[in-house]
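Q: Residue numbers (my numbering), protein chains in the order written: chain B, 1 to 268; chain G, 1 to 411.
Among the hints, a few may not be true.
Claimed, not checked - With a cut-off of at most 30 Å between alpha-carbon atoms, the simulated DSSO-like pairs for lysine-lysine come out as follows:
#1 G:K317 x B:K138
#2 G:K175 x G:K216
#3 B:K234 x G:K317
#4 G:K19 x G:K330
Everything labelled a hint here was simulated from the structure, so no lab data went into it.
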Amino acid sequence: MASPSKFRSNGADPAGESALIRIEHLHKTYHMGDNHVHALRGVSLEIARGSFVAIMGASGSGKSTLMNIVGCLDKPSSGKYYLDGVDVGALDRDELADIRNKKVGFVFQQFNLLARTSALENVELPLLYSDSDKSTFKERAMEALTAVGLAERYDHHPSQLSGGQQQRVAIARSLINNPQLILADEPTGALDSKTSVEIMGIFQRLNREKGISIVVVTHEPDIAHYSDRIIQFKDGHIIVDEPVANPRNAERELAEWPEEVEEKEPVA
Amino acid sequence: MNKVFQSMRIAFRALRVNKLRSALTMLGIIIGVGAVIAMVSVGSGATDRIHQQIASIGSNVIIIQPGSQNTGGVRTGNGNAQTLTEDDARAVQEECPSVMYASPIQQNQQQIVYQSNNWFSRIYGVSPEYLTIRDIRIEEGQPFTTDDVRSTSKVALLGKTVVDNLFAGEDPIGKTIRIRKVPVTVVGTLVPKGQNASGQDQDDLIIMPITTAKKKIMGGGRQNNWQQIGQIMAQARDGQNQQAMDQIEALLRQRHRLQATEDNDFQVRSLEEMAAAQEQATQIMGLLLASIASVSLIVGGIGIMNIMLVSVTERTKEIGLRQAVGAKTKDILSQFLVEAVTLALLGGSLGILMGVLASLGISYFAGWNTLVSPVAIAAAFLFSALVGVFFGYYPARKAALLDPIEALRYE
Chain B
1 MASPSKFRSN
11 GADPAGESAL
21 IRIEHLHKTY
31 HMGDNHVHAL
41 RGVSLEIARG
51 SFVAIMGASG
61 SGKSTLMNIV
71 GCLDKPSSGK
81 YYLDGVDVGA
91 LDRDELADIR
101 NKKVGFVFQQ
111 FNLLARTSAL
121 ENVELPLLYS
131 DSDKSTFKER
141 AMEALTAVGL
151 AERYDHHPSQ
161 LSGGQQQRVA
171 IARSLINNPQ
181 LILADEPTGA
191 LDSKTSVEIM
201 GIFQRLNREK
211 GISIVVVTHE
221 PDIAHYSDRI
231 IQFKDGHIIV
241 DEPVANPRNA
251 ERELAEWPEE
261 VEEKEPVA
Chain G
1 MNKVFQSMRI
11 AFRALRVNKL
21 RSALTMLGII
31 IGVGAVIAMV
41 SVGSGATDRI
51 HQQIASIGSN
61 VIIIQPGSQN
71 TGGVRTGNGN
81 AQTLTEDDAR
91 AVQEECPSVM
101 YASPIQQNQQ
111 QIVYQSNNWF
121 SRIYGVSPEY
131 LTIRDIRIEE
141 GQPFTTDDVR
151 STSKVALLGK
161 TVVDNLFAGE
171 DPIGKTIRIR
181 KVPVTVVGTL
191 VPKGQNASGQ
201 DQDDLIIMPI
211 TTAKKKIMGG
221 GRQNNWQQIG
231 QIMAQARDGQ
241 NQQAMDQIEA
251 LLRQRHRLQA
261 TEDNDFQVRS
271 LEEMAAAQEQ
281 ATQIMGLLLA
291 SIASVSLIVG
301 GIGIMNIMLV
311 SVTERTKEIG
321 LRQAVGAKTK
331 DILSQFLVEA
341 VTLALLGGSL
351 GILMGVLASL
361 GISYFAGWNT
371 LVSPVAIAAA
381 FLFSALVGVF
391 FGYYPARKAA
401 LLDPIEALRY
411 E
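The whole structure should be built from the sequences, with the hints applied where relevant.
A: Now the structure itself:
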């Protein structure tokens, strides 16, 4: 994995190359008036490069807070978070934006595509904020759309695409800057079961073929079992952290899917 | 630069989404800029009118009149003394380095007869330089010369009004008219100048050599000194108006042998000065109108700010997404700033169009002289950009400083 030296030099990372994510005694406290909400109470965690991890837990368990911090959207109140050797807690607002742009891809439950904007332009969006050469945008966006199997619909607007297709556009968008980590927050929450399997299949393929680490937040155990490792949160602590003995294989399941294999017609 | 174009494109797209809203928002700026442009063009039209009138009098013109006379404590008004002479006029022309031309003027009103027609007009006895000073051009025939002045030739140049009233369609050149029974040959006619600022007909005149006018026509009466003249008109070299006036004053004081304690027995006035005062009044009026109009420009700016705040709130989720995929503070700031400036500039351009149309309408329907100046257009364009930046900055900053987590969660 290529990573800019800018961030490399910043890291006092004794664990070295092996861990993509290293979290030490992480606390996060929100202050709301006089109330202090302890969302995370001393979490330590390592995620190796190329892992596929599912994070589970009830709402309020701290998993969203952890995801925000892992995605460099938020900073810890105390403790350390190293992403690819970079001490994220020490970065300012714009440096966080830059690291999100280069190293992290986001996939959301509600897809979060820009309306009235073609799939291609939606995929290009992160490139606008990178220092890439503009002449390569289109080519790279097409490449990413091809990777999620949506190349022929590049000029469709989100309203002309089905939920599953929209989510694939969102995955293509997360891929565009060749991130080391894709964070998916309930990526199948708004999709039917077959489409969910398709989306998980794409994640599995990206993980396997491109070596991109994937962290999926979900509350569905079914979905969590496509990953290699499940971490469960409760009350700001990790209560379970165990490998998945026999991860599900989305591709195989799809091949054996009983009903018609045709893509659903776009929902208007 | 590339980034700016990109932001412009995003801005246009965002503005197209709410066409009606964008149009209504721009309306404030359109009206503001339109009003400013229209008012400024009315103002500069008036100023321009004054310039034209000055030009019709002649540029850099200085008028020297006799001063008041003090005879045993009884003072007459200005112009009543008989202190200026033809020699003074000649001396002003020859000895004042900043003076280009000078001409003596003696004027009088007389009945003029041609065959069975007659007309009452003003006679100007002058030297040939007068034509140059006043920028009077000959339409047909020839001007008279210095020789004519010296030899007291009975020749005259007629203004259009005089020609129209004496010669009904006849060619006046070479004809003989009679002024106080003195036969005078018409040698030329003058190019019409129209009315002056006070509505006086500037073509109702006869110009002839000063010597002829004084000795043959106006002779007799109070003049016991042939040398005395009514006034001197001089033309200063460009940009040397003040020097010329100072030189004339010094020269005439010397020639009139005035002691240091004595007042001038003449008066030197510059038409530029008088015009400048009038012009200043017009400019103040124009400025007043423009500043009232610019209030609506500010109101338009507030409209932009309002709609940008709404837009930021509506697009909170979009902002959150852009932040999540790597938009920095300045990216979001510039996106919304460019959007506000685009709104303002679009409104400004339409406003300029409206203003130009309005000033054309004003000059067409109200008959006022209007002048749309490129400077006003450029200033209006620049000013609307500034309005966009000024009123767009706060909403844009608000957008740029949103917390990405909150923004993403916003519904």
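Q: Now, for every hint given, state plainly whether the structure supports it.
A: A quick look at each hint next to the structure:
With a C-alpha separation of about 25 Å, the suggested pair K317 (chain G) and K138 (chain B) falls inside the 30 Å cut-off, and the hint holds. At roughly 18 Å between alpha-carbon atoms, K175 (chain G) and K216 (chain G) fall within 30 Å of each other, so this suggested pair holds. Between K234 (chain B) and K317 (chain G), the direct Cα distance comes to roughly 28 Å. Compliance with the 30 Å bound is thereby established for this hinted pair. About 26 Å separates the Cα atoms of K19 (chain G) and K330 (chain G), which keeps this hinted pair within 30 Å; it holds.
Checked against the numbered hints listed earlier, the structure breaks none of them; every hint is satisfied.
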